[in-house]
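Take the sequences, apply the hints, and build the full model.
Under this note's numbering, the first residue of the sequence shown carries the number -7, and numbering increases by one thereafter.
Calculated directly from the structure, the hints in this document are not laboratory data. Accuracy of the hints is not assured; some may be wrong.
Unchecked claim - Pair ranges (Cβ atoms, derived):
#1 G164 with T92: 35 to 45 Å
#2 T25 with R110: 22 to 32 Å
#3 A72 with V211: 41 to 51 Å
#4 T25 with Q74: 20 to 30 Å
Ideal placement from N, C-alpha and C gives every residue a C-beta, glycine not left out.
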Amino acid sequence: MTRVLIVDDEPALARALAVVFRANRYEAQVATTGAAAVQAVTDWHPDAVVLDLGLPDLDGMDVLRAIRSWSSLPIVVLSARQTSDDKVEALDAGADDYVTKPFGTDELLARIRAAVRRRPAEEDPPVVRAEAFTVDLALRRVTLASGETVRLTPTEWHLLELLTRNVGKIVGRRELLQELRGPNLDAETHYLRVYMAQLRRKLEPDPARPRHLITEAGVGYRLQP
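So, in structure tokens, the structure goes:
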């Protein structure tokens, strides 16, 4: 299912949009502030965002720029601002499309479908088999050598996914933190140490002497099969 994050400070409208998307076989989540929207992008990893520009805490343009600074996911602006200057500014800042209020839900659904289709197709997700565990990105599943399926939190999974897509390569701490925590928290390395320790406890036979989730001192981390 395609995941859509709806960002709007009108709760009734946001809930109504969520109902419409779910009825059309989307997963939908609502954020009513800019801060909550940025956090939801980093934690929930939606496939597309519907973004209102008139938010109570941050201007929607700032939210757009913040998300676009580290993510290429499709963003469709949904706003009462109707001037050409507003539309040009949003599109130049990285919006994929711009829909003005009032709007038809069929049109909005079509714009979302088009934006998602235009996103570059990724290669088939890899399956990485280490001695102690197997990561299947397509199935979003991790199994131990014993055959037991491992339950991971969304953040643990995203960290493991980033390392799996770069298997055998060092992934820098700054890059990992920007993906996990957002662009303004890339210096908070203690969070990264906590997440990695949690992963090792679940996946490594001896978490104190990891064989697969390797620390590259002062640089980052590496998944070694």
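These are the hints, each one checked on the structure:
1. In this structure the supplied range 35 to 45 Å holds for G164 paired with T92, their Cβ-Cβ distance being about 41 Å.
2. In this structure, T25 and R110 meet the distance hint of 22 to 32 Å, their C-beta atoms being roughly 28 Å apart.
3. The given range of 41 to 51 Å is respected by A72 and V211, whose C-beta atoms sit roughly 47 Å from each other.
4. For T25 paired with Q74, a C-beta distance near 23 Å keeps the hint of 20 to 30 Å intact.
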